[in-house]
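Student: Chain residues, written in single-letter form:
2 protein chains.
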Amino acid sequence: MTIDELGEFGLIERIRRALPEPGRGVIVGIGDDVAVLAAEGGKVWLATCDVQVEGIHFLREAISARDLGRKALAINLSDVASAGGRPRFALVSLGLPRGLPAEFVDGLYAGLREEAERAGVDIVGGNITGTRAGVFVDIFMLGEADRAEVKLRSGARPGDAILVTGSLGDAAAGVALLLEPELSAEADYAALARARRDTPTARLREGALLGASPLVGAMTDISDGLAGDLGHICEKSGVGARVLASALPVSPGNRALARAARGDEWHFALHGGEDYELLFTAPAGSAEALARLIRDETGTPVSIIGEVLPAVAAPGAPRIELRLPDGRTVPLEPSGWDHLKADRKGGAA
Amino acid sequence: MTIDELGEFGLIERIRRALPEPGRGVIVGIGDDVAVLAAEGGKVWLATCDVQVEGIHFLREAISARDLGRKALAINLSDVASAGGRPRFALVSLGLPRGLPAEFVDGLYAGLREEAERAGVDIVGGNITGTRAGVFVDIFMLGEADRAEVKLRSGARPGDAILVTGSLGDAAAGVALLLEPELSAEADYAALARARRDTPTARLREGALLGASPLVGAMTDISDGLAGDLGHICEKSGVGARVLASALPVSPGNRALARAARGDEWHFALHGGEDYELLFTAPAGSAEALARLIRDETGTPVSIIGEVLPAVAAPGAPRIELRLPDGRTVPLEPSGWDHLKADRKGGAA
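Just so you know, the protein sequences line up as chains A and B, in that order. Mapping the first sequence onto numbering that gives the first Met the number 0, position 308 (from 1) lands on 307, and the numbers just tick up by one. Mapping the second sequence onto numbering that gives the first Met the number 0, position 3 (from 1) lands on 2, and the numbers just tick up by one.
Keep in mind the hints are simulated off the structure, nothing from the lab. Just so you know, even glycine gets a beta-carbon here, dropped at the ideal spot from N, CA and C. Treat the hints loosely; a few may be bogus.
[Unchecked claim] Taking CB as the label site, the calculated pair distances span:
| no. | chain 1 | residue 1 | chain 2 | residue 2 | range |
| --- | --- | --- | --- | --- | --- |
| 1 | B | R241 | A | E4 | 46 to 54 Å |
| 2 | A | P317 | B | L178 | 48 to 56 Å |
| 3 | A | A190 | B | R16 | 29 to 37 Å |
| 4 | A | D263 | B | L58 | 38 to 46 Å |
| 5 | B | R13 | A | S63 | 16 to 24 Å |
Take the sequences, apply the hints, and build the full model.
Tutor: Laid out in structure tokens, this is it:
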């Protein structure tokens, strides 16, 4: 059995089972967006890491060093935001190939610094190593939160509404436009898709507001695609879900490109990765008010895209169903970006 | 200017200058073995990261997955120990190439778990990504310490004695035996050198005792070689140093191999990397008693290898001098393993 046959999440589950139960001070260990570590006075530390690897997450000729720095930090900020926390400290572990111009590192750190300052994060250390080929930027981030406000993937209850910030599918469209020269889009949409791909914005204020709200049940960020990340919520919460395609925040430009590229107008929104939007649940009766609060406080649109269903009874039955605009209901495979199975073009194999 | 022309520490200094002064809660930022972050009640968190990259730090055909896991964790434990702290939590960021057998990851985690349990550390999370080629194991570690007990590179004072735990040069000898087939050593020494190379042991108990001792001025661990790491202490403390070759804890087998391989019997001890011994300073009058305390409490030998000198006055004058057994004094270049300049064979270029 190879790791790509097992897949990223199969491998994580295998690892989790091989490790002992965590000891004192570990509130949440392996298997959520962040680890949650007890601190003094009802506070917790949130610890997470995520990496950008050349040839896997980015092509050096297609992204500026500064944008790469911004993105590498932003994707970690997003994990802290998705737990309802405030990011505080980052360590930067760089792998750099011989002969790389020092200006590349200058640019990378300009982007890291810009994003860190925006988020109020201090870059406090790190490591530098050579590589045989290719750059990697691995970031370790510590955030803080009140213990009572931490949101996990495991808090969804049947009957809850499912909500998402912002829009879906644009980063995946940006990747497709980069790698598939036969595709095209209007200049304005292409620019937006490129920006969503290269310089995602972590939903920090939204995450802090949602963390502070006792209405929010489960929360995660969409890094692997809606279907995959909603699948994680369903799995950890022991529930199913129904998603309404007509309620998805997807632009006409995105749907047109998805249809042209994948034969399915919802493909990028459902299975594309790197949206870095927040996906969360709340009691159905409060969902509209919660969405309005976030919109009013931050200007970020929030959509109610479906509902949480009871746990699936029959083995093998789909956890998530997709209600199409024509009324048909189809199973939604909880597959998204899998870093071990995927190649840059086709998404998860 | 390329990064290898600048070198690892030139690049770190360039990065440090480009970042703003750290904000609230950061007691020590970039430039020591660990970042020191304020916690409640006079405690601090120590944060560090270090990575093992295939083809740079290890050859997959020459180390077992289990030993790689042990080593990847141990080198981070060593950083926490070198600050006088207690390691608590680790995150594991893996880069894995397609087609890697899942058993490799099982073995890796068996080693990580073994070392974590020995040290009382919880593995609380991490990340897995694909790579185009080669494995990397990047570890982020959090330790804790009493603020008053944290030891840094910056605490050395002229007149202090310089001390080191254990023995020097054996890991570098192990690397040379691996990569240079024309070299040979007696079976017993070859086995010891191989073990020091593949399964270093972090000096955790020694580090905790030295952290608790107000006698200890500066402390670091030897990862880049004695000359390089003592150079860091001198630079951060604004002092010079004299090292006595005859006092170095180097075995006859190591000296013989260094003479055969590099034409200098002290080469591995002075310039080899990955010893993961603790290098520290203490007032000369207390050094013997401190060395005895560590020996008595842990069984680990401690050697007094030199003394701290006043800051070097003349620009360009060597910071560190080496007193040879024949009485000659030669400058000791503070060069050791540089991850950007080095190749696996010859040490720093």
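Student: Hints first: check each against the structure and report whether it holds.
Tutor: Against the structure, the hints:
no.	hint	result
1	R241(B) - E4(A): 46 to 54 Å	violated (59 Å)
2	P317(A) - L178(B): 48 to 56 Å	holds (53 Å)
3	A190(A) - R16(B): 29 to 37 Å	holds (34 Å)
4	D263(A) - L58(B): 38 to 46 Å	holds (45 Å)
5	R13(B) - S63(A): 16 to 24 Å	holds (19 Å)
In terms of the numbered hints stated before, the structure departs from hint 1 and from no other.
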